[in-house]
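Peer 1: Residue numbers (the working numbering), protein chains in the order written: chain X, 135 to 551; chain E, 470 to 560.
Since the hints were made in silico from the structure, they are not lab data.
In this text, all values refer to a predicted model and were calculated from it rather than measured experimentally.
Treat the hints with care, as some may be off.
Unchecked claim - Listed next, with one range per pair, are the computed distances between beta-carbon atoms:
1) 507(E) x 334(X): 41 to 47 Å
2) 259(X) x 507(E): 37 to 43 Å
3) 384(X) x 560(E): 21 to 27 Å
4) 347(X) x 547(E): 32 to 38 Å
5) 474(E) x 166(X): 50 to 56 Å
6) 350(X) x 494(E): 28 to 34 Å
7) 507(E) x 525(X): 29 to 35 Å
8) 530(E) x 386(X): 14 to 20 Å
9) 474(E) x 157(X): 51 to 57 Å
10) 466(X) x 474(E): 34 to 40 Å
11) 470(X) x 530(E): 20 to 26 Å
12) 357(X) x 549(E): 30 to 36 Å
13) 480(E) x 250(X): 31 to 37 Å
What the hints assert, rightly or not - DSS-like cross-link-like pairs, simulated, lysine-lysine; straight-line CA separation at most 27 Å:
14) 166(X) x 487(X)
15) 442(X) x 516(E)
16) 344(X) x 519(E)
17) 516(E) x 344(X)
18) 491(X) x 546(E)
19) 194(X) x 498(E)
20) 519(E) x 360(X)
21) 200(X) x 519(E)
22) 442(X) x 549(E)
23) 386(X) x 559(E)
24) 290(X) x 347(X)
25) 491(X) x 194(X)
26) 386(X) x 519(E)
27) 424(X) x 233(X)
28) 189(X) x 165(X)
29) 386(X) x 498(E)
30) 442(X) x 466(X)
31) 188(X) x 136(X)
32) 516(E) x 200(X)
33) 442(X) x 546(E)
34) 546(E) x 347(X)
35) 200(X) x 546(E)
36) 519(E) x 442(X)
37) 386(X) x 546(E)
38) 559(E) x 344(X)
39) 487(X) x 519(E)
Quick reminder that beta carbons are idealized off the backbone N, C-alpha and C, glycines included.
The lines below spell out each chain.
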Amino acid sequence: MKNKYSIFSLIKNAFSNHENWQRAWRDPEPKKEYDAVIVGGGGHGLATAYYLAKKHNLTKIAVVEKGWIGGGNTGRNTTIIRSNYLWDASAGLYDHALKIWEGLSQELNYNVMFSQRGVMNLAHNLQDVRDLKRRTHANRLNGIDAVWLETDEVKKFCPIINTSQDIRYPVLGGTLQKRAGTARHDAVAWGYARGADEMGVDIIQNCEVKGIKRNGDSVEGLETTKGFIKTKKIGVVAAGHSSVIANMAGLKLPLESKPLQALVSEPVKPIIDTVVMSNAVHAYVSQSDKGELVIGAGTDSYVSYTQKGSFNIVEETLKAILELYPIFSRMKMLRQWGGIVDICPDASPIISKTSIKGLYFNCGWGTGGFKATPGSGDLFAHTIANDEPHKLNAAFNINRFVSGDLVDEHGAAAVAH
Amino acid sequence: MFLINCPYCGERDQSEFVSGGEAHIARPKQPTELNDDQWAEYLFMRKNIKGIQFERWNHAHGCRKWFNVARDTSNDKIEKIYKMGEQPPKL
């Protein structure tokens, strides 16, 4: 049983110099056999294991992670959470996640620092205005809070934006989702890991999958760097490396893995209390609780697994940031990094069974997976436990690329992919 | 971030080029005879290799010509550059 985190436990541990905190999760060696094994210990994978144990009464579950938990895209994204997607299927999926976010800290007894500071998407040309207004209407029909803001309202909501109509890409308005916001990415992975561990899930780090053993059309287990693990159900949540794992099982996925970059500035006093995204110039910015500006850039155009990305992409983003926020002109950037994002042709994820019995994939989240972490885990757990999708992820099956029933969120999702 | 040795212009920064994705995906000769699975394979399914991948590049801000590149996607090192229509090299 885990000790409950509270103000009292904080005070109590202060007396022993915070040296006697209970371990948040164990460090077990893999058992010979599990009911289900999740490949990938990021937010989505850990959430999947958590909901499998919590809602579906599976007891023998393992998460295998080749590095350390939360060390991939979970620790590399810009932590933006929103659900203002155009199509009904996407709105259902992302708003399901947003609703779980709203009670997640309480549920996990772990402060994920979810902050509903609002997300604003800017329009810079007439087509942007039409698209964003259309999306606002679509959102409201789906019960998602979204409003259209005229230029003066944008300025009022975020006073540091340059709304001069003389700049190269003038602000012609924007949309605002007030329930949207940010969360602390590491805390999400750690909170789910702690919760899953408490229910008996084995989280096995430094354990790389080397092969998937098949018996005809069903899976038998995993070859890993810590030996063979027998299991009848494998849920793969490997983000940028999904195609690599799929290849081990003889499957091909409609994915391309590309570097996506982000950067943070030196910490400053509070200056921007919301998240502002701009589709046309592809720059988005928010401020972390430490005071750093968190800036997201675009993807490179080529396939790469290097977690680096090109300098010209960062340069373009910073040019746009400086035009929109002249106040940042003297700020210094502290760190820059890249993550490998797996992008589907329709920029929507895959949460699906496959042609191989017992093999499930949760991938293709592209540039925007963090926001969906709780919902993705919940729905993927449902899919694995019942061998059938939940109605919210039925549209996100892998077969849509054969049937042609795509969920095209390219551009429509408020960010260019 | 790397340099690409364009077979027509010489070595230039990668930002001058546009990636055309996986190479050697042949356009179907008899499109009307393809079933849905074959269309999905042609249109959407990609090898997305971690390691040496054969891909097409276009020198968009230069000669605007297309060519093929064999590149290791795990470290962005270019192994071989060859022209359109040529077979992929054995590496």
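Peer 1: Now tell me, hint by hint, if it's right for this structure.
Peer 2: These are the hints, each one checked on the structure:
Residue 507(E) and residue 334(X) have their C-beta atoms about 45 Å apart, which keeps the hinted 41 to 47 Å range intact. Under the hint 37 to 43 Å, the C-beta atoms of residue 259(X) and residue 507(E), about 39 Å apart, fit the expected range. A beta carbon spacing of about 23 Å between residue 384(X) and residue 560(E) agrees with the range 21 to 27 Å that was offered as a hint. Between residue 347(X) and residue 547(E), the C-beta spacing of about 35 Å keeps the proposed range 32 to 38 Å intact.
Against the hinted window of 50 to 56 Å, the Cβ-Cβ separation of residue 474(E) and residue 166(X) comes to about 52 Å, which satisfies the hint. The supplied range of 28 to 34 Å is met by residue 350(X) and residue 494(E), whose beta-carbon atoms lie about 29 Å from each other. At about 30 Å, the CB distance of residue 507(E) to residue 525(X) agrees with the hint of 29 to 35 Å. Between residue 530(E) and residue 386(X) the beta carbon distance is about 33 Å. The supplied range of 14 to 20 Å is therefore violated.
Checked against the hint of 51 to 57 Å, the pair residue 474(E) and residue 157(X) passes, with Cβ atoms roughly 53 Å apart. Here the CB-CB span from residue 466(X) to residue 474(E) is close to 35 Å, well matched to the stated 34 to 40 Å. For the pair residue 470(X) and residue 530(E), the supplied restraint of 20 to 26 Å holds, since their beta-carbon distance comes to about 24 Å. Look at residue 357(X) against residue 549(E): about 32 Å separates their beta carbons, and that is inside 30 to 36 Å.
Between residue 480(E) and residue 250(X), the C-beta spacing of about 50 Å breaks the proposed range 31 to 37 Å. For the hint linking residue 166(X) to residue 487(X), the alpha-carbon distance of about 24 Å falls within 27 Å, and the restraint holds. Distance hint between residue 442(X) and residue 516(E) is fulfilled; the C-alpha atoms sit about 21 Å from each other, no more than 27 Å. Between residue 344(X) and residue 519(E) the alpha-carbon distance is near 14 Å, which keeps this suggested pair within the 27 Å criterion.
Distance check on the hinted pair: residue 516(E) and residue 344(X) sit about 18 Å apart at the alpha-carbon level, within 27 Å; holds. Distance check on the hinted pair: residue 491(X) and residue 546(E) sit about 38 Å apart at the alpha-carbon level, beyond 27 Å; violated. Annotation: proposed proximity of residue 194(X) to residue 498(E) is violated, straight-line Cα distance about 51 Å (limit 27 Å). A threshold of 27 Å between alpha carbons decides the hint, and for residue 519(E) with residue 360(X) the separation of about 22 Å falls inside it, so the pair holds.
The straight-line distance between the Cα atoms of residue 200(X) and residue 519(E) is roughly 16 Å, inside the 27 Å bound, and the hint therefore holds. The hinted pair formed by residue 442(X) and residue 549(E) meets the criterion: a straight-line CA distance of about 22 Å does not exceed 27 Å. Between residue 386(X) and residue 559(E) the CA atoms are separated by roughly 22 Å; this keeps the pair inside 27 Å, and the hint holds. For the hint pairing residue 290(X) with residue 347(X), the CA-to-CA distance comes to about 59 Å; that exceeds 27 Å, so the pair is violated.
For the hint linking residue 491(X) to residue 194(X), the alpha-carbon distance of about 19 Å falls within 27 Å, and the restraint holds. For the suggested pair residue 386(X) and residue 519(E), the alpha carbons sit about 13 Å apart, so the restraint of at most 27 Å is met. The suggested pairing of residue 424(X) with residue 233(X) holds, with an alpha-carbon distance near 26 Å, which does not exceed 27 Å. Distance hint between residue 189(X) and residue 165(X) is fulfilled; the C-alpha atoms sit about 23 Å from each other, no more than 27 Å.
As the CA atoms of residue 386(X) and residue 498(E) are separated by approximately 22 Å, the hinted pair is consistent with the 27 Å bound. Between residue 442(X) and residue 466(X) the alpha-carbon distance is near 20 Å, which keeps this suggested pair within the 27 Å criterion. The suggested pairing of residue 188(X) with residue 136(X) holds, with an alpha-carbon distance near 15 Å, which does not exceed 27 Å. A threshold of 27 Å between alpha carbons decides the hint, and for residue 516(E) with residue 200(X) the separation of about 22 Å falls inside it, so the pair holds.
At roughly 13 Å between alpha-carbon atoms, residue 442(X) and residue 546(E) fall within 27 Å of each other, so this suggested pair holds. Among the hinted pairs, residue 546(E) with residue 347(X) is inconsistent with the structure: their alpha-carbon atoms are about 32 Å apart, more than 27 Å. Note on residue 200(X) and residue 546(E): the hinted pairing holds, with a Cα-Cα distance of about 24 Å set against a maximum of 27 Å. Distance hint between residue 519(E) and residue 442(X) is fulfilled; the C-alpha atoms sit about 15 Å from each other, no more than 27 Å.
Using a Cα cut-off of 27 Å, the hinted pair residue 386(X) and residue 546(E) holds, with the two alpha carbons roughly 24 Å apart. In summary, the hint linking residue 559(E) to residue 344(X) is supported, as the alpha carbons are separated by about 25 Å, within the 27 Å threshold. A C-alpha spacing of about 24 Å is found between residue 487(X) and residue 519(E), which places the hinted pair at or below 27 Å, so the restraint holds.
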